[in-house]
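Go by the hints and put chain U onto chain S.
Top line first, the protein sequences correspond to chains S and U.
Numbering follows our numbering, in which position 350 of the first sequence is assigned residue number 350; successive positions increment by one, without gaps.
Numbering follows our numbering, in which position 514 of the second sequence is assigned residue number 1514; successive positions increment by one, without gaps.
Among the clues, some could well be false.
As the list claims (entries may be wrong) - Straight line, CA to CA, 25 Å or less: simulated SDA-like cross-link-like pairs of lysine to any residue:
no., chain 1, residue 1, chain 2, residue 2
1, S, K59, U, L1060
2, S, K575, S, E510
3, S, K59, S, R28
4, U, K1059, S, E510
5, S, K575, U, E1533
Unchecked claim - Which stretches of chain S does chain U cover? Using the computed rule of at least three CB atoms under 8 Å from a CB of chain U, they are:
no., stretch
6, 16-25
7, 81-94
8, 550-560
Think of the hints as simulated: they come from the structure by calculation, not from any bench.
Idealized CB from N, CA, C, for every residue including glycine.
Take a look at the letters that make up each chain.
Number of protein chains: 2
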Amino acid sequence: MTSSQLLSRRDLDFLLYEWLGTEGLAARAPFAEHSRDTFDAMLDLAGEIAAERFAPINKLLDAEEPRIGPDGRVVHPAGLAEALRAYTDSGMPSATFGPEFGGMRVPFTVAQAAFAYFQAASVGASAYPLLASAGANLLVAHGTADQIERFARPIIEGRWYGTMCLSEPQAGSSLGDITTRAVPQDDGTYRLFGTKMWISGGDHGLSENIVHLVLARTPDAPAGVKGISLFIVPKVLVGPDGSLGERNDVALAGLNHKMGYRGTTNTLLNFGEGQATPGGAAGAVGHLVGEEGRGLACMFHMMNEARVTVGLGAVALGYTGYLHALAYARERTQGRPAGGKDASAPMVPIIDHPDVRRMLLAQKAYVEGGLALSLYCARLIDDRASGDEAARRRAHDLLEVLTPIAKSWPSQWCLTANDLAIQVHGGYGYTRDYAVEQFYRDNRLNPIHEGTHGVQGLDLLGRKVVAGSGAGLRLLVETLRATTGRARAAGGEAAAYAGLLDPAIDRLAEVTGVLWADGDPAVALANASVYLEAAGHVVVAWIWLEQLLAVSGNDAFAEGKRAAARYFFLYELPKTSPQFDLLAARDRTTLDLDPAVLG
Amino acid sequence: MTSSQLLSRRDLDFLLYEWLGTEGLAARAPFAEHSRDTFDAMLDLAGEIAAERFAPINKLLDAEEPRIGPDGRVVHPAGLAEALRAYTDSGMPSATFGPEFGGMRVPFTVAQAAFAYFQAASVGASAYPLLASAGANLLVAHGTADQIERFARPIIEGRWYGTMCLSEPQAGSSLGDITTRAVPQDDGTYRLFGTKMWISGGDHGLSENIVHLVLARTPDAPAGVKGISLFIVPKVLVGPDGSLGERNDVALAGLNHKMGYRGTTNTLLNFGEGQATPGGAAGAVGHLVGEEGRGLACMFHMMNEARVTVGLGAVALGYTGYLHALAYARERTQGRPAGGKDASAPMVPIIDHPDVRRMLLAQKAYVEGGLALSLYCARLIDDRASGDEAARRRAHDLLEVLTPIAKSWPSQWCLTANDLAIQVHGGYGYTRDYAVEQFYRDNRLNPIHEGTHGVQGLDLLGRKVVAGSGAGLRLLVETLRATTGRARAAGGEAAAYAGLLDPAIDRLAEVTGVLWADGDPAVALANASVYLEAAGHVVVAWIWLEQLLAVSGNDAFAEGKRAAARYFFLYELPKTSPQFDLLAARDRTTLDLDPAVLG
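Bound-form chain S, shown alone (with noise of 0.2 Å):
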């Protein structure tokens, strides 16, 4: 296994220097140390690692899905220890932060590039770091100093892990349900009671500690999202000076067996239920991080990030699942062209076949287009942190709208990725001795997983494109008119297609309009999952036009960014059409339909 199965270099190098023009963050003061031979050298060695320790590992982690071995604790195949402890040597765990923390502060475009390496080569593995440097990033902005030293130093030092515990089994997508308790004790920590569902990395014996990142209600909290606050629930106490004591009240009770992503335990946690801790009070031991009742506010810090980073994941597979299919497509041989009668002629690559192309096609213009929208949104994240201080604000009003679409255009598509790579495979990608069927099953979990695709929608529609009185919306807008009008002056097969996307834009802002038009929330959500998937293909239109403006040359490359835009405002901005229609309809059937005759 080369990194180049695993993502096509060349098109990440256009993607971050011919398209964002990431060398440029240099020339701003955090990243000053770099250049692009930095940028350069962490691709080539996120790619190496992942080549050769995480793909290594991936069928194995399917295989042999993560159990209870006889201490309690849970089992992992051997080799995942030894590909985290690559990932750490190399430095990756630290590498977005500063030299306070051993780190090299590099760029977040640059590491999301380099990251998408370990969730193309096994995505299951890579859950670890990217909870654990989720969960750091989040100490730091929201911790107290002694919290980051004693809790996110060890993560970013690639130390300890960590995890989101958000879901509860009777509350997932409704957070506000949770019924987790948090007491507050003498000694300003808090006592924690309470289930939590779905806890990726919540047991696993490969760090010494993991620091839990717990939402919980404080006594007579007010219901709801208002009454929920964060903690630091470490599994082993941590104390003052950082060395570790005894097992916190933190116990294993389940685990999840998954369709795919296997190699991410996924777990069932009790918090409180077990012996009493040291000083005799029952519960798990908690720390407040930020205040009482900013808990989801908190939380959102590190769930918007994830939601990007899923999207990547999905992306991740697809883009491998379509190298793969690429691969076979050119070895395989079966049949002739048609027309082509003479039955002794010899077999043809399948790739000669339209419909095989068209299969490829479909695959490269979704994977390359997801691909694109996951950098330009990380790009959108340094310029949050380190632009002037329009760029931050624009960065960060734009993400707002952009995030939903990140997480769930890519889970939805690169998923269709995966299915047509199975399809190009034929019988055999349908079988475990190829990799396709895999990624196929892993990238399921993408639409679920950090928020469904009908919260996404949720999002969108309800919050994000009327945020500000429809500023989101209007900034959505103007950013994507901004390229059409460049597309226009560029004349040629640009123009062409910006005459196909301005119709498209206009009709989006237009059918929020509509929906929007009584303020019922009622109608105008029911239609939310359609809009986000018109919204989402207006905008990956726009990221295929704009890799079409900063595309040059001729080769095969250049050829290969041209046929898959063109694919793409062919095949698939046309579908938005009638899901336009639905929408300007503003349409009751889900609305009104009463559940009873359904069945």
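Same frame as chain S, now just chain U:
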């Protein structure tokens, strides 16, 4: 488990009696012994055995994949043999055959409806009787009296099973390229040498014998499909009196490890690679069916019905998934409806969320539309066999054009239904504790086997609609128009939908002409998959209009049919509009694409 979680009996009754007038078949001579009562009894029995014997082992067959035991034979969980014994004991294997085989000759329509229960309960287990009955049908149609007696009768009596041996490792979709050789012997038999891939049920301990139906080439046969002949190759040799003799030279060479559908053993078989068989000659003993060089035509007798039944299997998986999702949506509580701001109000069943209802209604439209299409085709198979002269011809011709759609449409959209069933379940749906993830994995095979989507598209656009100078298309259009005519006369909703369907029918006819305008098969066939999808949606819209015209009253069932019809016309049929635009443009994107630019 009860049969009501597999299929809706109310829906079956509606389709069979209120729509297709199935009891009218009892007026035809072959079915004169029958009445609605006997049909109902068969459906009752099928539902009961499927629910009580097949469904309980479905997860087990998935978890304990077939493996090769120490004796070199395939080992299954014991429950499989017991379930199949119950199937045999109920008389199902002979149900469509006459009293000369101990059967009760029920119409194919009723047998298919009954069989769908088994597919819904365990599609993996159901494949054994499906392959057996397809093989027996072929032999009864094309075999000699002796072959029928020696090889078909034991299958019909439920004592043996059968296989279809078409593909080889190097030849799947391209059957003309198979290389298995059949060498004639002085005694009139043949000896076969070669390797067959993807053979479902190719080895097992479920019966004393397995009748392989094998495509092979005789010496000096012309290249391509015209050189292919069909042979009976029993696993165990059969004497003139039907007694079992020695093992034939058919060896299990390996098992395929699939993503799903694991209850069905899938094998690689070697013919004639072992020791010499009795009589001294090497090779596997085979008996020619029909004439040399006519093998593919004979096999298509079996394949066409198998394709309709593969479509039915996709429907059955989608249908039971829908019923599971519906039950879950009624039980699981989460959140509050849009606009419900009172966080202390109790959570509502998720079916109260419009987006969940959207996902359920979509599933209903797909699976009930698919079931209606499948049973309509089954009825055509009955009409082809037992109608008057004109009805037979019409049924034959209409079946020709509908078969690729009846195979591919449910394989695509009832898989989508399974995807939505997972989504309704949220994280739980992604775990193996629930049933729906298996349905999704199982169903993913259906777009591949018995001819991929790509192959079905070529069949529809390249052969079926152009057959007889376009007679296939004309018959389809005429059939659909007859319904829209009735709908316009009926007025109301039906007339409104006819107003949507007629233009789609027009466009289907129009683009068919445009695609073939200059007779260049390359341009036409490069668009075959898009054509297949568009034609499929037009046909299923027609099927929904048919159902809408057939349903009466205002009870929940009738209103449910109306809601699903509405959904299909508002949300689904409009998807064809951009597809027709693309087809009308005779798009050359995939045809002209230089494979070198991919990657």
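> Is the Cα-Cα distance between K59 of chain S and R28 of chain S 25 Å or less?
Replying inline: Since the Cα atoms of K59 of chain S and R28 of chain S sit roughly 42 Å apart, the hinted pair is violated (cutoff 25 Å).
> If you draw a straight line from the CA of K575 of chain S to the CA of E1533 of chain U, is it 25 Å or shorter?
Replying inline: holds, 13 Å
> Holds or violated: the stretch 81-94 of chain S covered by chain U, criterion of 3 or more residues with Cβ-Cβ distance under 8 Å?
Replying inline: Result for this restraint: violated, n = 0.
>> Count the residues of the stretch 16-25 of chain S whose Cβ falls closer than 8 Å to any Cβ of chain U, and tell me whether that reaches three.
In response: violated (count 0)
> Counting residues of the stretch 550-560 of chain S that have a beta-carbon nearer than 8 Å to any beta-carbon of chain U, does the count reach 3?
Replying inline: This one holds; 4 residues, not fewer than the three required, reach chain U with a Cβ under 8 Å.
>> Can you confirm whether the C-alpha distance between K1059 of chain U and E510 of chain S stays at or below 25 Å?
In response: With Cα atoms ~49 Å apart, K1059 of chain U and E510 of chain S exceed 25 Å; violated.
> CA of K59 of chain S to CA of L1060 of chain U, is that 25 Å or under?
Replying inline: holds, 22 Å
>> Would the hint linking K575 of chain S and E510 of chain S be met if the CA-CA limit is 25 Å?
In response: holds, 17 Å
Violation of the numbered hints given earlier is confined to hints 3, 4, 6 and 7; the remaining hints are satisfied by the structure.
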